[in-house]
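Q: Based on the provided sequences and hints, a complete structural model is requested.
Just so you know, the protein sequences line up as chains A and B, in that order. Once you know that position 18 of the first sequence is 18 in this note's numbering, the rest is easy, because the numbers rise by one and skip nothing. Once you know that position 278 of the second sequence is 278 in this note's numbering, the rest is easy, because the numbers rise by one and skip nothing.
A couple of the hints might just be wrong.
[Unchecked claim] List of simulated lysine to aspartate or glutamate pairs, EDC-like, C-alpha gap at most 20 Å:
| # | chain 1 | residue 1 | chain 2 | residue 2 |
| --- | --- | --- | --- | --- |
| 1 | B | K125 | A | E21 |
| 2 | B | K125 | A | E22 |
| 3 | A | K111 | A | E198 |
| 4 | B | K284 | A | E22 |
| 5 | A | K216 | A | E198 |
Don't read these hints as lab results, they were simulated from the structure.
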Amino acid sequence: MSLHNLRLALPSFHWNLRQREEAAFYLCISPWIVGFILFYLGPIVASFYFSLTRWDLLTPPEFIGIDNYVRIFTRDPLFWKSLKITVLFTFSYVPLDLAIGLLVALLLNQKVRGVGIFRTVYYLPSVLSGVAYVVMWMWLLNPQAGLVNTLLSYVGIQGPRWLQSPDWALPSLVLMSLWGVGRSMVIYLAGLQDVPSEMYEAARIDGANSWNEFWKITLPMLTPSILFNLIFGIIMTFQSFTTAFVATNGGPLNSTLFYVLYLYRKAFEHLSMGYASALAWILFIIVLVCTLIIFRTSGRWVFYRGAEE
Amino acid sequence: MATLLPIRAARTRTAPTTRTPLRGRRFARRLIIYLLLVLGSAVFLLPLFWALSSSLKPDYQVLDFPPRWIPDPIRWQNYPEALTYVPFGRYALNTLTIAAGAIFGNLLSCTLVAYGFARLRARGKNVLFIIMLSTMMLVDPVRIIPMYLEFNALGWIDSFLPLIVPAFFGSPFYIFLLRQFFLNIPRELEDAARIDGASRLQILWQIILPISRPALAAVAIFNFQGVWNDFLPPLVFLQTQTNYTIALGLQFFRATYSIHWGYLMAASIVAMLPVIIVFFFAQKQFIEGISLSGIKG
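A: See below:
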């Protein structure tokens, strides 16, 4: 009865089919909209406001305009250092990950018996991210009795002090991260499945060798996968935290002070919430600009099969 | 067809003379592939083997050089001893509780949101979908301070709530995964049910969800792996040691007993084991899910 009355009282509720579908859509996605406001949009806007304040959590935030930003850019050598280290890490890890992932994917794409088992083995380390992964690698890179230096000693090389050396600590983190190359490899493997085999057949009839096939067919067809891995890799490495926090805590001599590690210290050890928020916003802008630049320029080198059909 | 014929004829004509060298070359090629495959496997497996071997060595042997690859004597006690030094059972239970809550929340919310994006027509849908995808590219650290303050205001710090409740509002990656899967389900299945007068919720529950079990499993598995390995959020949101997750507990253990590599390796192996086991049982979902994420929407 009540429903019937309601309908009489509110004639505007006589929705047509399209409006009902629209309402259903917004109802369905409402959890995400609420979550977007509470956990994405809200925090990002709030973070920008906090970045304009001095705030130690104990007293109310004090508005200081762009002072934090001025201090960061002009009087904070650790900001520049951590940024440099993070960029260096990104620029060494991401290209290596892209190249090694591709080589491994090409190897695992060979049609030989038992290749499935090898795929499993190669992919396994990439599901093991986290503290245990890092702790294990700290032991593998132990200068006296770790696996890496043991293997090097078999071929007569005296290995470096890895994580304990200011020169080798960052390369150590690159090395340990590369063990998880299976992630980008799987993306390439999926991309390789999409290359139509007729293309290779046609090329072979035209007398192409494997080298030509790789440069003229495989690589262009894989450019969407490369773009995906590139963007994902850059976003992930700019946010790197766990490896440095666990393995080196930024040391030795701040040689592995990743940007987010510095941010974490400012926020949760020094309780400089305003200052740390400004650091967070700078990172946010840097990654955003990098991603946009890559997307903008991707039209020149990424080949979409859909586009030419 | 006709143009292909001469080529085929030409091929068969030359075939007998090149047969033996070709077979030899193919064999050599295959041999090289297997050699590389085995070499690569060593790179990926040796670290795990080394960790396992060290985890079974007594303290006085761990740092021996040259090392023993197979420990002798095998010291199994490293495991129970390492795992009782700090309450790893408790940490595992905490992590499982968080994982269960987060998986439940994500399955519930992401299915609903993904269904909306995959099936319902509405103004503004594409814009919202692009906004959702772009949140995947946000740097998380920009959110962590305000979220800490948010949860602090709610009195949730040092509880599991900050690690569970957000899952009930969906995660972009899982929504994207499920949407891709839903898009591939033939519409006719739903149309028939709609003609029979089923509501959208009934359709989602009785038709879409049963077919989507593999995709839902993929979400659950990724979510489990994510929660199990997660580090920065629990580090920020949890404080009391008894509330630690396995990752926090292991880091605490490492910071406290840093020289006992035998113990540390035993604890690390136990910490990695659940993900390894899940991976072996659900390899297909893992790989298909990851691959799906690389495909343009």
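Q: If any of the earlier hints don't hold here, list their numbers in rising order.
A: 4
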